[in-house]
Amino acid sequence: MSTLDLFAPEPDDTARMAQLRQSLHAHGHSYYVLDAPTVPDAEYDRLFRELQALEARHPELITPDSPTQRVGGKPLDGFAPVRHAVPMLSIRTETDTEASGAENFDARIRRELGLGPSDPAIDYVAEPKFDGLAMSLRYQQGVLVQAATRGDGEVGEDVTQNIRTLGQIPLRIVAPALGTDVSSLPPEVAHFALGRPGGETCPSVPAVLEVRGEVYMRRDDFEALNDRQRLAGQKCFVNPRNAAAGAVRQLDPAIAAQRPLSFYAYGLGAVTPPEAGGPVWQSHFEMMQALKRWGFPVSELVKQAQGAPELVAYYAAIGQQRDGLGFDIDGVVYKVNSLALQRQLGFVTREPRWAVAHKFPAQEMLTTVLAIDVQVGRTGKLTPVAKLAPVFVGGVTVTNATLHNEDEARRKDVRVGDTVIVRRAGDVIPEVVSVLLDKRLDEPAVFTMPRQCPVCGSAAVREEGEADYRCTGGLFCSAQRKQSLLHFAQRRAVEVEGLGDKLVDQLVDAGIINTLPDLYRLGFTALAKLARMADKSAQNILDALEKSKQTTLPRFLFGLGIRHVGEATAKALARHFGKLDAIMDAPEEALLAVADVGPIVAKSIRTFFDQAHNREVVEQLRACGVTWPEGEPAPVAAQPLSGQTFVLTGTLPTLGREEAKALIEAAGGKVAGSVSKKTSFVVAGAEAGSKLDKARELGVAVLDEAQLKELLDGGA
DNA sequence: TTACCTCGAGCTCA
DNA sequence: CTCGAGGTAA
Numbered sequence: 000m001s002t003l004d005l006f007a008p009e010p011d012d013t014a015r016m017a018q019l020r021q022s023l024h025a026h027g028h029s030y031y032v033l034d035a036p037t038v039p040d041a042e043y044d045r046l047f048r049e050l051q052a053l054e055a056r057h058p059e060l061i062t063p064d065s066p067t068q069r070v071g072g073k074p075l076d077g078f079a080p081v082r083h084a085v086p087m088l089s090i091r092t093e094t095d096t097e098a099s100g101a102e103n104f105d106a107r108i109r110r111e112l113g114l115g116p117s118d119p120a121i122d123y124v125a126e127p128k129f130d131g132l133a134m135s136l137r138y139q140q141g142v143l144v145q146a147a148t149r150g151d152g153e154v155g156e157d158v159t160q161n162i163r164t165l166g167q168i169p170l171r172i173v174a175p176a177l178g179t180d181v182s183s184l185p186p187e188v189a190h191f192a193l194g195r196p197g198g199e200t201c202p203s204v205p206a207v208l209e210v211r212g213e214v215y216m217r218r219d220d221f222e223a224l225n226d227r228q229r230l231a232g233q234k235c236f237v238n239p240r241n242a243a244a245g246a247v248r249q250l251d252p253a254i255a256a257q258r259p260l261s262f263y264a265y266g267l268g269a270v271t272p273p274e275a276g277g278p279v280w281q282s283h284f285e286m287m288q289a290l291k292r293w294g295f296p297v298s299e300l301v302k303q304a305q306g307a308p309e310l311v312a313y314y315a316a317i318g319q320q321r322d323g324l325g326f327d328i329d330g331v332v333y334k335v336n337s338l339a340l341q342r343q344l345g346f347v348t349r350e351p352r353w354a355v356a357h358k359f360p361a362q363e364m365l366t367t368v369l370a371i372d373v374q375v376g377r378t379g380k381l382t383p384v385a386k387l388a389p390v391f392v393g394g395v396t397v398t399n400a401t402l403h404n405e406d407e408a409r410r411k412d413v414r415v416g417d418t419v420i421v422r423r424a425g426d427v428i429p430e431v432v433s434v435l436l437d438k439r440l441d442e443p444a445v446f447t448m449p450r451q452c453p454v455c456g457s458a459a460v461r462e463e464g465e466a467d468y469r470c471t472g473g474l475f476c477s478a479q480r481k482q483s484l485l486h487f488a489q490r491r492a493v494e495v496e497g498l499g500d501k502l503v504d505q506l507v508d509a510g511i512i513n514t515l516p517d518l519y520r521l522g523f524t525a526l527a528k529l530a531r532m533a534d535k536s537a538q539n540i541l542d543a544l545e546k547s548k549q550t551t552l553p554r555f556l557f558g559l560g561i562r563h564v565g566e567a568t569a570k571a572l573a574r575h576f577g578k579l580d581a582i583m584d585a586p587e588e589a590l591l592a593v594a595d596v597g598p599i600v601a602k603s604i605r606t607f608f609d610q611a612h613n614r615e616v617v618e619q620l621r622a623c624g625v626t627w628p629e630g631e632p633a634p635v636a637a638q639p640l641s642g643q644t645f646v647l648t649g650t651l652p653t654l655g656r657e658e659a660k661a662l663i664e665a666a667g668g669k670v671a672g673s674v675s676k677k678t679s680f681v682v683a684g685a686e687a688g689s690k691l692d693k694a695r696e697l698g699v700a701v702l703d704e705a706q707l708k709e710l711l712d713g714g715a
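To convert, note that position 217 of the first sequence is 216 in numbering that gives the first Met the number 0; the numbers rise steadily by one, no gaps.
Incorrect hints may have been included.
In silico SDA-like cross-links for lysine to any residue, where the CA-CA straight-line distance does not exceed 25 Å [claimed, not checked]: (1) Lys708 to Asp595; (2) Lys380 to Gly394; (3) Lys128 to Pro259; (4) Lys73 to Val142.
Rather than coming from a laboratory, the hints here were simulated on the basis of the structure.
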């Protein structure tokens, strides 16, 4: 007999614990998801404490899906990155905020599917677009193992600890045995039944199931939370969305647990395929109903809709109900219901073609223009910015709104002292919509772009055909120097950790730093004299500078801040030439050979390196010890289609649209959207439309898929 | 663009 | 306690 056996739990305890877990799951589901408690709170608490007591006695029997495991857990050091098995894509936004905007979507779908006016209406699902944060919940063998934020769509953050505390999110999905009649199950089990068409149950829980949805905060919970915050002398949250986002990013799950979050499921990520015993669905709606049965909160407002008219009606109806919903939404989402049609429609770059977000018109508010500032960018570009009396609009306090350039400022005729309508356009950027002219009391001066740089006083000029004024001061202009330094020191460039805008302001204003190489000549004493810069901070900056000296060619090139050379172009240049000297001395024609470098970019690079002081900066940086590994120039890939422009139309027999496009681009060709004289070839498939007619009209060569492939293989 | 969380460190006052 | 910097999200 091993010693372990002495401590073996009573078989009764094991069974009782399983039983308690199941009851608590079921009651919890009724309470949190269905909002219909099946037992009094006191009874729930009693069961919960009984389970806790048993778990205290048998810690080895605690399961990750135990209801007691929602709260607790230790504060994290940080959030671990999580790669999404299926990327979390963004969804296209319909720009038209009239209810009839839905018609554009329907028309586009019908066109893509090649449907005529006499074909039947398309089956859609319409749902509210919740204003919260996207979340992916991963279940393995039915147990919640990971909750991840969206991140960049490919890689998000692991916030499982915090998401576990959400009572609405099942910790476990339960499947009854195969052949069980779902309707005969007691309600608390039926909620977890895995549905198949026809009521048949799934043989087992899918090995993998990722549920996608939105974490949000209800308005009443938000108000209550803020009342609590006020009482506790803590600061209040500005809006429910930010409160929810903040809660999710808490390192201490105990704090996250006190923030009342909610969840709505709206889709799936990775799922075990049917061949491997996974569930089968025909439509999105059916899938959502299954999610509901499995215990996930699915909004009652998710509706099926036939064709454009019902989508338009849905948009209007939800807009009507919006204020009374109890939570914030920023629009609605339409999805093609049939999963088969979704597959057929596919994706454009990173967005599904079968879904669209249709937002409500942005909220607008009145405020006054306190001033119109002119900011100077890294390249000397002058940007007029309206300084506004703070207004709360669309959930945030707006104090600035860019006027972009002189033409834009003139077109809107914004003047100091004006009363203006502001809104948060599109996603986030505040915008001055218009001026209320009848509120203009005296006649303030029309805004004009200063002909001198507001920072350095150099002439500001507007080139022929350009919208922007630029300060001609170059490095004489402290604003440009500051911006150049910040650009060089940013993370994606040469990364000098700890060098932010406040420090750069101090360094430049004090005249300690004028050029990039001056950064590396900084002394400890000079640094330590600055405000909020004692010994420790000064040393940290010096260490960061030392570390930054080891860099890479693309980072360095990007960091130089050459006009039109962003991260992608810097990478392409580095790959193509291998060495910096080769780039610095390359004639424009050589630069043009780099993928994605056109005449404007080539000229800009040439101009930059033709200036002696820029070459001097590079030499000095090298002399200061900034280095990077240099490589060999990449052999120029065979580009049989370079210089040729293609237009795709109709459905090709084997290649998808995206595939064909990628192949053409990989071979150096360009793919355009419409046919013109400059089009080299039109590639036509089945049911080609007007583009084919246009091609014939203009006498552009027409290819079929086979001929395209021949060209790609290097044929004439 | 704004808001939120976190971290390290400086400043201030006891 | 407050600030600056850095990161994330929409």
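Here is how each hint holds up against the structure:
1. Lys708 to Asp595: Holds: Lys708 and Asp595 sit about 23 Å apart, inside 25 Å.
2. Lys380 to Gly394: At roughly 31 Å apart (the allowed maximum being 25 Å), Gly394 and Lys380 break the hint.
3. Lys128 to Pro259: Holds: Lys128 and Pro259 sit about 20 Å apart, inside 25 Å.
4. Lys73 to Val142: 21 Å, holds
Going down the numbered hints, you'll see the structure goes against just number 2.
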